[in-house]
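Number of protein chains: 2
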Amino acid sequence: ALVTLISKAAVEPQAELLSETVRHDFRGLLAGKTVTITAGPTREAVDPVRYISNHSSGKMGFALAQASLNAGAKVNLIAGPVQVMAPEGVNLTSVQSAQQMLDASLSVIGETDIFIAAAAVADYRPSDVADQKMKKQPGQDNLVLHLVQNPDIVATVARHVQRPFTVGFAAETQDVEAYAADKLVRKNLDMIIANDVSRTDIGFNSDQNAVTLLWQEKSTLQSHSPEQAAKQDLAQDLILCIAHRFHQGNTDDA
Amino acid sequence: ALVTLISKAAVEPQAELLSETVRHDFRGLLAGKTVTITAGPTREAVDPVRYISNHSSGKMGFALAQASLNAGAKVNLIAGPVQVMAPEGVNLTSVQSAQQMLDASLSVIGETDIFIAAAAVADYRPSDVADQKMKKQPGQDNLVLHLVQNPDIVATVARHVQRPFTVGFAAETQDVEAYAADKLVRKNLDMIIANDVSRTDIGFNSDQNAVTLLWQEKSTLQSHSPEQAAKQDLAQDLILCIAHRFHQGNTDDA
Chain F
13 ALVTLISKAA VEPQAELLSE TVRHDFRGLL AGKTVTITAG PTREAVDPVR YISNHSSGKM
73 GFALAQASLN AGAKVNLIAG PVQVMAPEGV NLTSVQSAQQ MLDASLSVIG ETDIFIAAAA
133 VADYRPSDVA DQKMKKQPGQ DNLVLHLVQN PDIVATVARH VQRPFTVGFA AETQDVEAYA
193 ADKLVRKNLD MIIANDVSRT DIGFNSDQNA VTLLWQEKST LQSHSPEQAA KQDLAQDLIL
253 CIAHRFHQGN TDDA
Chain C
13 ALVTLISKAA VEPQAELLSE TVRHDFRGLL AGKTVTITAG PTREAVDPVR YISNHSSGKM
73 GFALAQASLN AGAKVNLIAG PVQVMAPEGV NLTSVQSAQQ MLDASLSVIG ETDIFIAAAA
133 VADYRPSDVA DQKMKKQPGQ DNLVLHLVQN PDIVATVARH VQRPFTVGFA AETQDVEAYA
193 ADKLVRKNLD MIIANDVSRT DIGFNSDQNA VTLLWQEKST LQSHSPEQAA KQDLAQDLIL
253 CIAHRFHQGN TDDA
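Top to bottom, those sequences are chains F and C. Position in the first sequence (from 1) plus 12 gives the number in the working numbering. Position in the second sequence (from 1) plus 12 gives the number in the working numbering.
None of these hints come from the bench; they were simulated from the model. The reader is advised that the hints may include incorrect statements.
No copy is singled out in the list; a pair is fine if it fits within one copy or between any two copies.
As the list claims (entries may be wrong) - With a straight-line cut-off of 25 angstroms between C-alpha atoms, the simulated SDA-like cross-links for lysine to any residue are: (1) 86 with 172; (2) 145 with 67; (3) 199 with 163; (4) 145 with 159; (5) 147 with 235; (6) 147 with 233; (7) 147 with 174; (8) 147 with 103; (9) 145 with 112; (10) 86 with 108; (11) 148 with 160; (12) 195 with 115; (13) 147 with 109; (14) 148 with 158; (15) 45 with 158; (16) 145 with 189; (17) 145 with 240; (18) 147 with 189; (19) 145 with 197; (20) 199 with 259; (21) 148 with 163; (22) 195 with 59.
Predicted model only: the values in this text are computed from it and were never measured.
Given the sequences, and given the hints that come with them, work out the whole structure.
In structure tokens:
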């Protein structure tokens, strides 16, 4: 799969970024490094039985966890409620809400070298969680649900004093790359993966995906758009690029 | 499993209801009859990626579908998004929203002898579904989600001109049997299954359940409370009681 991947990457301009060493030694790419990945949706309780959630399947985040393992990293996978099996060898933490996902992310931030926020975190949660199941009132045709903003996990991590190399996701239905570029800068991220979730053939519940990876180099926006592929192949490609940029950044700093 | 079931049922007062014929011929109990069962949660779209749903696993409804098949019925299973496999031999219709579940239920009402509403239908849905993913606005800490009441599927079926024998569920977290009795009368149901979903050891995502079946006979409230059991054993017990009452009602009418 790696050979296929590299031959695909070779037709892309950004393939020049990938050093010969990286291409031929995927297994050691992240040896000794810890990658923390959030994945899946969050569920925000309305009452004991109801919740607000989204259609994230967790497949992309889980594929990135597998690719990180393949690259030799220690992997913390912090996952909302999903139906996919966690790759063998990851340190899995299962959570429900955005607040729980943030707490789990911050509890491992000190050991994390690369943080990839692949989860589809609910932006808002109900302001009050009812203790008992809300009853439908006869004649009450309308109901107003008051929501408050959830903590922004990837922005919190990117602004943290123990800030790891931070990669975000932008799952959008329109103006996908423009929104992603804005989010990259606004949230102080190192890279962002832009994902058009309006296409039903790829994305949230599909096994295929097509994304664009964006980052800045010397204040210039760079992008890498692998061809549409199975999520596990795409994840290998993305981890290759993320690891390259991570090592390049560390070298620049030195 | 049927033998265990009957010996359990024998310690219950309502076991007297079950005729010797019924006890010894579960396989033919609903031969030639059509049972339509709704199961699982519904998902009500907020925008292309977000939805409101609930914790129903669909296991109880699917177990009732299997028990109805075992009793010789033709079974229509109308299921929201669930992760359980449909029993082989059912006529499965997969739906997302309450409106879709109602449409599917009404499309088979003419052929349905017994309707069992085991789905956890969302009472409310967002009044407007956004075409594009809603964007979090900077500084907008609060959001108000306007909801409108969904159609009441079991009440619509129970008031229909082609009304089948109609069985509802009351999944409650407090005053469970009182709410169930009220719902039985208010929605014009033949029977109702009262389910305490506040207990974490049984109910929504568990393989075990404990319920009370309620109905009226000559304006007196009757109840049957099988012991806590695996959902498939409990489903056999419930179908036994439901089929008995269904046949009894048909005899009374004659």
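Homo-oligomer pair classification [residue 103, residue 147; C-alpha up to 25 angstroms]: neither (40 angstroms within a copy, 32 angstroms between copies)
25 angstroms Cα threshold - placement of residue 235 relative to residue 147: Answer is between: at 23 angstroms across copies they meet the 25 angstroms cutoff, but 50 angstroms inside does not.
Intra- versus inter-copy proximity for residue 158 and residue 148 (alpha-carbon distance at most 25 angstroms): Both ways: residue 148 and residue 158 sit 17 angstroms apart in one copy and 15 angstroms across, limit 25 angstroms.
Identical-chain pair category, residue 199 with residue 163, by Cα at 25 angstroms: Within one copy only: 13 angstroms inside a chain, 42 angstroms across chains, cut-off 25 angstroms.
Within, between, both or neither, where residue 145 and residue 67 count as close if Cα-Cα is 25 angstroms or less: Answer is both: 24 angstroms inside a copy and 12 angstroms across each meet the 25 angstroms cutoff.
Homomeric proximity label, residue 145 with residue 159: Cα distance no greater than 25 angstroms: both (17 angstroms within a copy, 16 angstroms between copies)
Homomeric proximity label, residue 86 with residue 172: Cα distance no greater than 25 angstroms: within (21 angstroms within a copy, 60 angstroms between copies)
Residue 147 and residue 109: within-copy, between-copy, both or neither at 25 angstroms Cα: both (23 angstroms within a copy, 19 angstroms between copies)
Intra- versus inter-subunit Cα pairing at 25 angstroms for residue 195 with residue 115: within (22 angstroms within a copy, 41 angstroms between copies)
Homomeric proximity label, residue 45 with residue 158: Cα distance no greater than 25 angstroms: For residue 45 and residue 158, the Cα distance exceeds 25 angstroms both inside one copy (42 angstroms) and across copies (46 angstroms).
Copy assignment of residue 148 with residue 163, given that the CA separation must stay at most 25 angstroms: between (30 angstroms within a copy, 12 angstroms between copies)
25 angstroms Cα threshold - placement of residue 240 relative to residue 145: Between. Shortest inter-copy distance 22 angstroms satisfies the 25 angstroms Cα cut-off; intra-copy 44 angstroms does not.
Hint check: violations occur at hints 7, 8, 15; the rest are consistent with the structure.
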